[in-house]
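Build out the structure end to end from the sequences listed, making use of the hints.
Sequences listed follow chains L and V, in order. Heads up: the first sequence runs through residues 1 to 596, numbered per our numbering. Heads up: the second sequence runs through residues 1 to 280, numbered per our numbering.
For the record, the hints were derived by calculation from the structure and aren't laboratory data. Everything hinted at is true.
Coverage of chain L stretches by chain V, computed from C-beta distances (three or more under 8 Å per stretch; other residues unrestricted):
1) 241 to 248
2) 307 to 316
3) 445 to 452
4) 455 to 461
5) 554 to 563
Partner residues are not named here, just some residues of chain V that face chain L (Cβ under 7 Å, in silico):
6) Ala219
7) Ala251
8) Gly254
9) Ile257
10) Phe272
11) Leu274
12) Ala275
13) Gly280
Far from chain L by the CB rule (all over 10 Å, computed), these chain V residues:
14) Arg16
15) Ala52
16) Ala145
17) Asp198
Remember, predicted model here, so these are calculated numbers, not experimental data. Backbone N, C-alpha and C fix where the C-beta goes; we use that ideal spot for every residue, glycine too.
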Amino acid sequence: MTAGGYFGRALVVDAGSAAAEVLPLGDDVLRAYIGGAGLGTWLLHRLAPPGTDPLAPEAPLAFVFSPLVGTPLTTSAKFAVVAKSPLTGMLNDALSSSHFAISGKLTGNDAIVLRGACPRPSALLIDGDGARLADAADLSGLPAAEAERRLRERLGRGWRIAAIGPAGERGVRYATISHDGRHAGRGGLGAVLGAKRIKAVAVRAAAKVASADPEAVLAAARDLRARSFGPATAKYRELGTLANLLAFNAISTLPTRNFQAATFAEAPQLAAEELAQLRTVTRSSCASCTIGCEHIYAARGGKRARVEYENVFALGPMCGVSDPDAVLAASGRCDELGLDTISAGGTIAWAMECAERGLIDAPWLRFGDAGAVLRALDEIGARQGLGELLAEGTRRAAGRVGGGSAAFALHVKGLELPGYEPRTMQAMALGLAVNSRGADHNRSGAYEADLSGDHDRLAGGDAHVAAAVETEDRAAVMDSLILCKFLRGVFSDPFTEWAALLAAVTGWDTTGAELRETASRIVLAKRAFNIREGWRPEDDWLPERLLSEPLEVASGRVARLTPDRLRGMIDGYYAARGLDRAGRPDPAALNALQLS
Amino acid sequence: MPNSAGIVLAGGRSSRMGTPKAALEWHGSTLLRRTAGILSRVTDGPVVVVRAPGQPLPALPPAVEIADDPLEGLGPVQGLAAGLAAVAGRAEIAFVCSTDLPFLHPAFARRVLRAAADGADVALPIARGHPQPLAAAYRTSLAPAAARLVREQRLRPAFLFDECRVARLDEAALREDPILAALDPDLDSVVNVNEPADYAEARARPAPQVTIQRFGTLADGHRGPQQVRAATVAAAAGAAGLALDRHVVAALNGDQITRDGDVPLATGDTVFFLAADAGG
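Following this line, the structure appears as structure tokens:
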């Protein structure tokens, strides 16, 4: 009998014909990998042929739900999109939140996996009647939101739709999948869907899923809801993630002009504290969320823009742009095209530095030029002009341009760095270097340790290793349950509290200790997938700029992240994870992952 | 190896004060906590408090080490020998001071440490009319020489200075550092408190003037920098209407993040208060 919270099956759909087969998911697999990013990792191991090109028809792309989806637990309406990334060539899980998660799960499946490719632009529809294709030629070239709106009009009520924008259709390697204005943003999974010529996936609820102990779930939901209104989430609720910007600037952790600096003199113009007073229109929440971190600002031309720290960082200071209207416009353009703002901003910033150094012939592309950012985004979305190069991301682009530009191509494993300066956040430096997804702040979260005050953020060492392992483990569980990370501060004994939530939903006697083992298993399974797909030890490393150019912080102290220091932390991380000195698990550990 | 260490000599008898000076209160902290905290701020190596055997000490941060001076009552060279021995091999130079310097400014210690780093064995300030061997920097390799002087009962610092390269820093030389000149123009860093009257005078002085700034939701309508008087991070937080906890942290001069409210502040410091959760 399937545990509460699950259907015990994944629907594996051929995108070319909509033929579907059921992959049973036993309790052993579900308990070992939970759902979301964890279960998605297991599915990729099972369904992705080794060495597959991420954009090839046979490459699978999975929408993976989780046991908490559909419960009244706050922030639980989330899902993971999991595939081999066309940007990194590694395992990529991108999370998002919306009613798509609830309706997708209530199609009666814990995951929906797409394989194959469609001969013509189509939409894939899945409900209680199974899967079928609908012609979507009329949606080609449309922004995802517009495609979603038109398809919903056509299909009628009850359908929830995830779609790609023009960037996904054109294979931009950092294209997103979006729905209801939210994006499964990182790693280019929109390009994977685009390669299958699937413009949109529509789901409609047709089933119900029970919790093992509904009363306990309800009580937990009430408790969690109350805690979600407390001080741990005040930042997100009142100002949103953009509140990071000014604070990060003050402590020299705001990457600026392609990481040539860690402070941006014009940061106050882009600060949440400023914009919130002048521009706030409203605030909104993801489905089933009581935090409400989305802050909607008025933008030029009567438009509205969702504002988050990462898109303002990437399209503002990273490119040297300080005009808030320009940054909001660029952010809106990324939404329309379906581009990951972090990779887009990072790639454009790299290109600006290349242009400055005469390595590429684009005299119009200069740091601080807001118009140039918009032009670059349009060219990337269309894969025209310079956009053909930049659509490939910094790693591939630097490989083509050469001239030493790889030294200032700010990526790890091909994924562009988020807005956390590793030289002044050295636990985060380790987290970015070793994480399976690449340079990502949501799978590591080690910045928590850097801001804890428990150790010297400018001098990484053993304490930073332990912190990076702990935060990575926490992220692995939160991304598999799934709960929003913005909720993490409300938990005082997180693994135990999460185990109690999972137990109430599933009926399992899960403990905190078991969840810690689960976290390690998921982290290791991701690494195992990457090793299978060609990961090399040198992929766990940071860009040369970060290791050769020190930064001076406001106190006058110099932040220096040396190769030796990073090597020492990575060695410590490998030891803590039970890996050998080259970062590989031993055969016994691999066997214990239950991947075969 | 870290470049610099801090040594606080706390083992004196405080006979003129009549009560242990280490535990004397100054604007919400103790003299020892404050002095050790200032040295923690300016050094990148260990900070060691040298005490008399069994001497009770006020609360100190866990990172501060305690070394017992095996021989009580032999004066500063004995304490110096014990302190240098405690940090030898872990730092090249050490700023050594007594516990009773309520106005010791980080910029003063940095200035003196820099002078020693330039090649001298000892950087000896001459300020407010006197040499200041207990607000000076010493190369840690002097530990054996100091121990030998103790064995020879040659217990004055001058005997040590006779044997090594001493960079003497008069007031003009000290003030060549523009930061020190601006933040401690009268070189109050070397003012110590030996008698109850000294202590009363020190207590009558206001807490250092510092700048605070709150970010994000902590600003609560108080954006921008604000001048307050506070001798500790906790006092600065209090002036901002905040308390440090798991959700609120402080960044001192844009450098280290801390939740430790006892971290001492000095004139000219800037304290940022920000949310501990930096999810973006």
